[in-house]
Amino acid sequence: MQFSSSLLENAVSEFAKLPGIGKKTALRLVLHLLKQDTGDVSNFSEVIARMRSEIKFCQRCYNVADADICSICANSMRKQEIICVVESIRDVIAIESTQQFNGTYHVLGGVISPLDGIGPDQLNIESLVNRIQKETTAELIFALNPTIQGDTTIYYIQKKLSPGSGGQLPQLRITTIARGIAFGGELEYADEMTLARSLQNRLPVESYVASK
Amino acid sequence: MLSLPSISLLQFKNYTNRSFDFKERIIGICGNNGAGKTNLLDAVHYLCFTKSYFSRLDGNNVQQGKSGFRLEGHFLLQDKPEKTICILRETGKKEFSVNDQPYDKFSQHIGRYPCVVIAPDDAVLITGGSEERRKFFDSLLSQLDADYLQHLIVYTKVLQQRNSLLKSFAETTVKDFSLLEVLDEQLIKPGEYIFNKRKEFFVSFLPQAKHLYSEIAMQPEDVTLLYESQLLQSSFAELLKATRQKDCYAQRTTAGIHRDDIEISLGNQLFRNIASQGQRKSLLFALKLAEMEVLRKEKGFPPLLLLDDVFEKLDESRINNLLQKVCVENEGQVFITDTNEERLKQHLDALSVQYQLIGL
Ligand SMILES: Nc1ncnc2c1ncn2[C@@H]1O[C@H](COP(=O)(O)OP(=O)(O)OP(=O)(O)O)[C@@H](O)[C@H]1O
Ligand SMILES: [Mg+2]
Ligand SMILES: [Zn+2]
Chain A
1326 MQFSSSLLEN AVSEFAKLPG IGKKTALRLV LHLLKQDTGD VSNFSEVIAR MRSEIKFCQR
1386 CYNVADADIC SICANSMRKQ EIICVVESIR DVIAIESTQQ FNGTYHVLGG VISPLDGIGP
1446 DQLNIESLVN RIQKETTAEL IFALNPTIQG DTTIYYIQKK LSPGSGGQLP QLRITTIARG
1506 IAFGGELEYA DEMTLARSLQ NRLPVESYVA SK
Chain B
2 MLSLPSISLL QFKNYTNRSF DFKERIIGIC GNNGAGKTNL LDAVHYLCFT KSYFSRLDGN
62 NVQQGKSGFR LEGHFLLQDK PEKTICILRE TGKKEFSVND QPYDKFSQHI GRYPCVVIAP
122 DDAVLITGGS EERRKFFDSL LSQLDADYLQ HLIVYTKVLQ QRNSLLKSFA ETTVKDFSLL
182 EVLDEQLIKP GEYIFNKRKE FFVSFLPQAK HLYSEIAMQP EDVTLLYESQ LLQSSFAELL
242 KATRQKDCYA QRTTAGIHRD DIEISLGNQL FRNIASQGQR KSLLFALKLA EMEVLRKEKG
302 FPPLLLLDDV FEKLDESRIN NLLQKVCVEN EGQVFITDTN EERLKQHLDA LSVQYQLIGL
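Protein chains in written order, with the numbering used here: chain A, 1326 to 1537; chain B, 2 to 361.
Bound conformation, chain A alone (with noise of 0.2 Å):
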């Protein structure tokens, strides 16, 4: 693509370094941007480098937050004593749109996956197995996307939390959302209401490893 502006240029540029963003739907984003009011434009550009600079990760479940405990844990109508562990903050916000879900969170930021470098370090699990211990967690439900590396993780989990190492607390259970969503399947584009009868459907751990 020729520019006769290098402005236009690196602004096309940036957009095309989003993911799913093209060179020709940067472009296209560019131009309507340039039709809008200068106002508006440094708006949104003001609104995007806020939102990068001031967001903050919760202490205790590392969703994001406007401040050091984020909305959810906050909130004393929530069940805080059931935790929902999820791989990333995208699955908090599907599984919040199902309503469904009166519980508390915990954002790990992956599975564990040697073969891409991501061991039990790289991820929020020690501070998850602490969070357990001291809080008097009734409840922890695993949802997380349904692959052998979802699975490994669950696994290791409960080793952590098991009798032999550090002591399970003894009112602890231990489920998975149910498989309503297909083995290998993504838990981002399951839609609502199976995300939701998986919820409800959730199995405890021994079963869904027997299962399989």
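Since the hints were made in silico from the structure, they are not lab data.
Everything numeric in this text was worked out from a predicted model, so none of it was measured.
Hints are not guaranteed to be accurate.
Said to hold, decoys possible - Here are some, though not all, of the chain B residues that point toward chain A, as calculated from beta-carbon distances under 10 Å: (1) I86; (2) Q161; (3) Q187; (4) E193.
Idealized CB from N, CA, C, for every residue including glycine.
Go by the hints and put chain B with the ligands onto chain A.
Just chain B with the ligands now, with coordinates in the frame of chain A:
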């Protein structure tokens, strides 16, 4: 029954745009070196297995200077027509559909059109390393049992993860053995499944291959075929435990079904070390014919047979023997290539079966 009445190839290897009608059960394909005989067989293989028999990379099959290819086969499966299409897009994305229904996972297609290939390079099955033989029986078992393929895929993925973990162990002082234990558990399940399937399968398959060998060789020879697996001695769980130290040292998984083999011996020596070329070729045919027989029994109809340049280095009586077995005693569709049209004609005439000759 299964047959392929027609196929069309677009920008596939040396074919820019060409269609073929296969009107008979026996199809002879003739042409000089480089005419495209093997490529045509490979196109049939693509439609049966969603991939090439020869190259791992789909892109290698695109005609040079073009981008993307398209293969369309019109099959008849139990008298029902099926239009099967494989497209490699310009982007490198592969699409595969039957009667316009695309597959989510290509592995779901495996086994729908059973197919056996015999090509000159297959001699590595006898002479090569153990992975060649695993490739052979894995492909066969996958056509018989979709779960086998699924377990094999899972096993391979977990194995890669485990090997990566063992590598990372070498770089740190703190080793997370509980993660290794988790991966062991994930490996044991598919590993045991695959082992049991293989063991059960070889009980009848290996004696059958041995029997076919003696029929082709037409003389008694002391050939033995044995399934070799570390899991025959102890359970996979025990093996993994016992080899843990060794695995950490080697930075890879040294025990498991990924090391299985068929041990073939002649007398009390390794077959591949002492057998003549003719003996090797006879054993290759024996294994392939046993494969054909297994597929026929399991599916209820014979597989497609793709015979590429099988006549080279075979004496007249062996050629006739082989053709008798695959063209007369077998009812499935057979594709045979040869550079020498006269030779092929002569042999096919001798069988007194209907056939079609295609010159390239
Ligand atoms: N990607 C490709 N693009 C264009 N041509 C190709 C491609 N791949 C292979 N070819 C050509 O196809 C021809 C080989 O075809 P093929 O292997 O089918 O020949 P064959 O008839 O089996 O010959 P032989 O008798 O030697 O086995 C060669 O001329 C080769 O250059
Ligand atoms: Mg050839
Ligand atoms: Zn929080």
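- Task: Starting from the hint list further up, note which numbers the structure goes against and sort them upward.
- Result: Those not satisfied are hints 1, 4.
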